[in-house]
Each structure stands twice: as structure tokens, then as C-alpha cells.
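Asker: Spelled out, the chains give:
Number of protein chains: 2
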Amino acid sequence: AKAAVFSGTASESVGNDDVEVAAGKSIYMVSDGTGWTVEHSVTAALGQFDYCLVDRGCPVNTHLFSGIDDVERLMEIVKQAAKEGAMVVYTLADPSMAASAKQACKLWGIPSTDMLGPITDSIASHLGVSPSGLPRGAPGRNFPLSDDYFKRIEAIEFTIKQDDGALPQNLRKADIVLAGVSRTGKTPLSIYLAQKGYKVANVPIVMGVELPRTLFEVDPEKVFGLTINPVVLQTIRRARAKTLGFSEEVRSNYSEMDYVREELEFARTVFSQNPVWPVIEVTGKAIEETAAVVLRLYHDRRNRCLMPRISKRY
Amino acid sequence: AKAAVFSGTASESVGNDDVEVAAGKSIYMVSDGTGWTVEHSVTAALGQFDYCLVDRGCPVNTHLFSGIDDVERLMEIVKQAAKEGAMVVYTLADPSMAASAKQACKLWGIPSTDMLGPITDSIASHLGVSPSGLPRGAPGRNFPLSDDYFKRIEAIEFTIKQDDGALPQNLRKADIVLAGVSRTGKTPLSIYLAQKGYKVANVPIVMGVELPRTLFEVDPEKVFGLTINPVVLQTIRRARAKTLGFSEEVRSNYSEMDYVREELEFARTVFSQNPVWPVIEVTGKAIEETAAVVLRLYHDRRNRCLMPRISKRY
Ligand SMILES: Nc1ncnc2c1ncn2[C@@H]1O[C@H](COP(=O)(O)O)[C@@H](O)[C@H]1O
Ligand SMILES: Nc1ncnc2c1ncn2[C@@H]1O[C@H](COP(=O)(O)O)[C@@H](O)[C@H]1O
Ligand SMILES: [Mg+2]
Ligand SMILES: [Mg+2]
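As you go down the protein sequences, you meet chains A and B in turn. So the first sequence is numbered by the numbering used here: it starts at 440 and just counts up by one. So the second sequence is numbered by the numbering used here: it starts at 440 and just counts up by one.
This is chain A alone, in the form it adopts within the complex (with noise of 0.2 Å):
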């Protein structure tokens, strides 16, 4: 639900923090890094339990603890974990920071995965090197300023650029072009795809707004139409409408059915004119689910080869 941006069942505490941590069971997080990775696993292992969540009457609290690389901070963490009955995931570089979490969880009697050792001790036997055991902010390290990290900036600066049609002559620099009607998430997804390091533009298909010439200029291969289930589209315009506070004339417009389903049909009748671009229904998808769809394609697209992979190098 969070790391991974958006699959959102997770109620954050933005603006208002102070979670009751009274009812459900809670997880302990602890990283001596920025402690998005093991955020990541442990909203992704959680999607295995939202049939009994919050809305369940069975809620999960977590507590992120990022930058822990001392072992008293960490016996803190610990043993407020054991007063609250949490349990404890860490991902922590220095073997004997790891091996202090493992130990004292067991003393205290509470649960405690380590998200980190596994993974490196199998890649280090698979590598036939040894791990640094340096967490990624420890002294000495440095982080490098690649091709790839400015190539990154530049497509997030590219991406926010063309966001909503903006500058259609800037098209053919796009690694990737997007087009649907509004509200099928083609911000938030572009968004998205640019973090991975990719140049991305959206284009939006209006109901008598006459699309940019370029649109049909550049290579067809890099072009993706989104499509969505009118009835679910009608519910995300209607909240939207809402919140830019539309007047009643331009939301009936906007999220009326007919509308909607009219709009929906003139963006099909440019997909069918366009048949290379692949029209990919996000209805029902969280954002890097569609982004995950479009990079296959994206890749499959350009390898061509029997097994569609994203493949890179270290």
C-alpha cells in the first residue's frame, strides 16, 4: 500500500499523527537506511491479509524506524516492541547490528524476520564475494553522481513538463506517450514510470478537443491508450469534480453517465485508428500495476525475445 506508491489501503498519518496504537497488532520496521525496502515488503506482505484489516475489525499498526546504526537505539527499539507486543522486521547491513536485533527479540520472546541477511548471504554464495556490511549511509561510502542518477532527474523534470498535454512538440523526445480521458490516471502514472528513469508525456483525449498533430507523428510503438470501466470512471470523476469544487452545470458535464460512456467511445474510436498502440484497461489497478503492464509491453516491445523481461545491469 505505500512503498509501493499506491496500493493504498494503508490510512497514512499525514497532517494528523497521532495514531491511537491502541487496537490491532503492530509491526515494528527498523532499517539502518532510509527503511523503504523493508516498508515495501511488509505492505506487500500485508496485501496478503486485507481480507482482514481495517475494515475487518482486524487493523495492523506499523512503525517505521529509519537511520538506526547504533545497537542502544536499536535495544530502545526493541524493547518498546516487546512492551507493545509488536513484532520486529529489520533490514540492518552489519552483521553484528543484525545478529543484536536477532538475539534480543529472542530474549524478549517477540517474532523478528530479518528482510535483509537472507537475500545478501544468497546473492554473496551466488556472486562468490563477500558483502560489504556497510549500511548505505555508513562513513566513507559515497554516493555517486552516475549517467543514470541524471538521466533520472531529467526525466522527472522532462515528465512534470509535459504533464496534461502540455507542449505537444516535445513528443518525439518522450520514451513513452500516454493518452486516454481525464481521470484515467495518467498523471500519477507518468509520475510514476518517470521515477523508473523513463521520459514520459500524457496526452488527454477530450470530447471535441482536436489532439496534437504530433500525437500521430511519433514512432506508434511508444504510444499506450488507457482505458477504464465507464461506471468506475463516473465514481473517481465525480469525486474529483468534488473536490475542484465544479459548478452543477460543468459536473453533469463532466460525470454525467452518458457523457462518460460518449467520451469513453471517442476515445476507443482513436485507439481502433491507431491499432500499434496497445489500449491497456486500468480499471481495478493500482498505479504500478498499470505501470508494470506498460513496461512489459515497453520492453517486449524493443527485445522482441520469447520471455518478456526488464532486464539491467549492476
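Do not rely on the hints blindly, as some may be mistaken.
As the list makes no split between identical chains, a pair holds if one copy fits it or if it spans any two.
Once the Cα atoms are required to be at most 20 Å apart in a straight line, the calculated SDA-like pairs of lysine to any residue come out as [claimed, not checked]:
| hint | residue 1 | residue 2 |
| --- | --- | --- |
| 1 | K545 | E523 |
| 2 | K541 | D560 |
| 3 | K590 | Q673 |
| 4 | K635 | E596 |
| 5 | K464 | R495 |
| 6 | K541 | P557 |
| 7 | K541 | D509 |
| 8 | K541 | S561 |
| 9 | K545 | P557 |
| 10 | K590 | R679 |
| 11 | K464 | G524 |
| 12 | K545 | S561 |
No lab work stands behind these hints, which were simulated from the structure alone.
Following the hints, put chain B with the ligands in place on chain A, whose structure we already have.
Answerer: Just chain B with the ligands now, with coordinates in the frame of chain A:
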């Protein structure tokens, strides 16, 4: 390097995907979902081998296979991994799929690691309930359009609109306001935080340009200053000036050492006049590392509890 958005040692295959799989060891990552969880975990673990990756003659190739929810494709992938001498790391929610992966890897004599099973089992016994065993895309499962989901999308849309000092009249609506000179990473940091559900505005500090009045009118507890080592900043600005094709004259002003130092000095003065704003050193930090520092302080200030933490409810 990758799922964590920026740690940035991986050279991704955007634009040219035809990674030569010849040199280096391979890691196959397999998920019935998006694959972002296993990718994130493997990337974090690879940080332990930074010292011997591509620059040091021990390159690693990762291959991500997402949406693998039938045993036939799973077996194909394991077979291919065996051919390539790759190890396999997987997140498979269906216990019989996970068992098949484990068994097949054993049969083919290749190392494998289950990234989902252990944490799921451990949470199951902590909560005293059973995991559903259903992958995130399984039929019958439905992605909830929760308040949280809409809030995240709103945060992204807000943050995009507020980039680079735009619409200063909206600063009071932001959860977090970032201030710093050009190329301190305000934009990617804002976007990273927005993905996590925070409405972020960023305000550039430029020598000789007056800052918006609203910056000093909003709650100073939500404003964060960014600072950076002048030599590193100059390197980043030079790269930037080249990308943007600045003329020689503008470039020297923007990235000349005297100017860089003076502008950082100017920012420091602004910060010292606003002593409530924490000043965060971004030198040597990946975007997600700076994000962790910002959010630690942000939640700490709201909770004022002994052990800084970020708490959520599922
Ligand atoms: N680039 C890196 N170098 C070394 N260790 C890392 C790196 N990235 C992540 N880690 C480690 O992986 C674990 C998870 O990182 P994080 O997601 O920042 O909590 C922590 O133990 C970090 O110290
Ligand atoms: N909301 C969810 N419900 C059920 N399973 C999930 C959920 N999110 C992630 N998972 C599972 O967690 C693992 C990692 O997910 P992913 O990051 O999408 O590859 C996969 O086995 C998914 O099926
Ligand atoms: Mg949009
Ligand atoms: Mg910027």
C-alpha cells in the same frame, strides 16, 4: 539502485534494451505481481556488493519477470535461469507456486530465495490469521478506490503544480515546503515525497531574487532548507548547463565557483533568519535518503515522541 528510485548504480536499458547478457552473473527476479517488491529488495542487497559491481569488473545482470501466475511460465523461467547459470529470487503469493519454484530450482541445481514466504508466515503467526494465498492481480480481488488513494493522487497533482516556486499563494496548502538553491534536488525530492502522499511545494532560492512573502507566513515547522557542498553543486550545475545548452556567459555565472559559493552563502543567511527551518545537507545522499531525513523530522515534530517513527494503520 532502481526500485528505490535513485540509488542509481544500475544502468538501465531505457532506450536500448539489448543488454548483452554475456558478461557477469545473472539474477532472475520473478513475481506474480508487478515485481517491484523483489526488485527493491534485490537492489538494496546489491548495495552490499557495490565495491565489486560493474566498475570493478564484477557486473551483475538482473532480469525481472512480472505477472507470472501460472506454473508453465514459471518452469520456463527456471529452466532458462538454469541455462544461464542465474539465481532465482521470487515473490509468489500462491503457496503451491512458491513450492514449485523452490522445488524446480533445487532440481535444476540453482540457488533460489523466497522474498515473500518468510515475512508472510511470520506476520500470519503474529496476527493469528492465515494469508489469503492470492496474488494481487487475482480474479475476485478488487483494488479499492480508498480515500487514501485519492489523497495520493491529489498530492502528486498538487506537487507538480507547485514545482519551482510556482503559485506561491498555495504554500499554506502544502504539507511540506522545500527551499534551496538550484540543483539541490528540490524537484525529484518533492515528487518522491508526493508519491508517499505528502503535498509538497518547492521554492528556489536565487541570489538577487526576492523570496515569496508567503514562504515566511506559513508554519515554519513545515519548511525545510536544503544545502549542498559547493564543489559537488558546481559539478551538478555544469552537467545541467551542458544539457540545457546554456550559453558560455550564462553558464559561467550559473556554475562558476565564486557564484556558487556566494549563492550558497545567501541561502545560508536566509536559513539563519528562519531558525525553525531544519537545514538538510544533501551532499552524497540519494533522493530517497534525503526523503527519509525529511519525513523523520516531519513526523518527529508532530509526535514529539522519544523514538522518532512513521506510523501507519492498515
Ligand atoms: N547503496 C547501498 N549500499 C549499501 N547498503 C545499502 C544500499 N542501499 C540499501 N542498503 C542497505 O539495504 C537495507 C535497506 O535499505 P533502505 O531501503 O534504505 O532501508 C539497509 O540495511 C541499507 O543499509
Ligand atoms: N494488495 C495485495 N494483495 C495481495 N497480494 C499482494 C498485494 N500487493 C502485493 N502482493 C503480493 O506481494 C508480492 C509482491 O508484489 P509485487 O511488488 O507487485 O511484485 C506478490 O506476490 C504479490 O502478489
Ligand atoms: Mg492529469
Ligand atoms: Mg527544480
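Asker: The structure should be examined with respect to each hint, and the outcome stated for every one.
Answerer: Here's how the hints hold up against the structure:
{"no.": "1", "hint": "K545 / E523", "in the structure": "within (15 Å within a copy, 40 Å between copies)"}
{"no.": "2", "hint": "K541 / D560", "in the structure": "both (16 Å within a copy, 17 Å between copies)"}
{"no.": "3", "hint": "K590 / Q673", "in the structure": "between (37 Å within a copy, 18 Å between copies)"}
{"no.": "4", "hint": "K635 / E596", "in the structure": "both (13 Å within a copy, 18 Å between copies)"}
{"no.": "5", "hint": "K464 / R495", "in the structure": "within (14 Å within a copy, 45 Å between copies)"}
{"no.": "6", "hint": "K541 / P557", "in the structure": "both (13 Å within a copy, 15 Å between copies)"}
{"no.": "7", "hint": "K541 / D509", "in the structure": "within (15 Å within a copy, 36 Å between copies)"}
{"no.": "8", "hint": "K541 / S561", "in the structure": "both (19 Å within a copy, 14 Å between copies)"}
{"no.": "9", "hint": "K545 / P557", "in the structure": "both (18 Å within a copy, 17 Å between copies)"}
{"no.": "10", "hint": "K590 / R679", "in the structure": "between (33 Å within a copy, 11 Å between copies)"}
{"no.": "11", "hint": "K464 / G524", "in the structure": "within (8 Å within a copy, 42 Å between copies)"}
{"no.": "12", "hint": "K545 / S561", "in the structure": "between (24 Å within a copy, 14 Å between copies)"}
The earlier numbered hints are all upheld by this structure, with none contradicted.
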